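First to last, the protein sequences are chains A and B. Be aware that the first sequence starts at 1, since it is given in the numbering used here, and climbs by one per residue. Be aware that the second sequence starts at 1, since it is given in the numbering used here, and climbs by one per residue.
Source of the hints: derived by calculation from the structure; they are not laboratory data. Be careful, since some hints might not be right.
[Unchecked claim] Computed list of lysine-lysine pairs in DSS-like fashion (alpha-carbon distance at most 30 Å, straight line): (1) Lys123(B) / Lys83(B); (2) Lys123(B) / Lys21(A); (3) Lys8(A) / Lys23(B); (4) Lys11(A) / Lys23(B); (5) Lys21(A) / Lys83(B); (6) Lys83(B) / Lys140(B).
Remember, predicted model here, so these are calculated numbers, not experimental data.
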Amino acid sequence: MSDDSQIKWGKDVDQALRTAKQQQRPVLVDFTAAPS
Amino acid sequence: MYPSPNVARLIEAEFIPVRFHIKDNPGMWHRFDVRWTPTILILDWDDGSEARRVEGFLPADEFVGQLELGLGDVAIEHKDWAKAQRYFAHVAEANPETDAAAEGEYWAGVAKYSASHDASALKETARRFTQRHQGTSWAKRASVWKG
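So here's chain A without its partners, still in its complex pose (with noise of 0.2 Å):
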């Protein structure tokens, strides 16, 4: 079973660099074909 709902995945990569540079954590953006 995919543990990726784990993920809370955002989908404004401008809003998550706001929040990086809060946080001082790096942003990791994934760029995906697979069915959702």
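Guided by the hints, dock chain B onto chain A, whose structure is given.
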């Protein structure tokens, strides 16, 4: 999709995760010059610059290694040599049979040297490559440090 719980835990703990599907966000593919899937980008938290790009599928142990190498890359960017060395050394030790481990060995040596400017750190890295990861591109890169 990430079937390994280790991957999910690492992503949630260390990153701000964003996902784009090829059908839904073509602009994002162009913005980041993505040419294949899956592609993972690790972006620096300070300026959004690309710290690491992982193209194509990897099994879980290699993928975790790449994520941790990316964390080390970000630490190097911020000249946090101690943190970088910890990440890289962990990659080298946790799954020593992986391609990521060889790269971790190399960059752990670079981080140690960058902190101390003591060339013996590079020489020691070259020596370690004579005992493991022989024949890898990272061993070849480190060979110049044998002295």
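Exercise for review: Compare the structure with the hints numbered earlier in the document and write down the numbers of the violated ones, lowest to highest.
Suggested key: The structure conflicts with hint 2 only, although it agrees with all the remaining ones.
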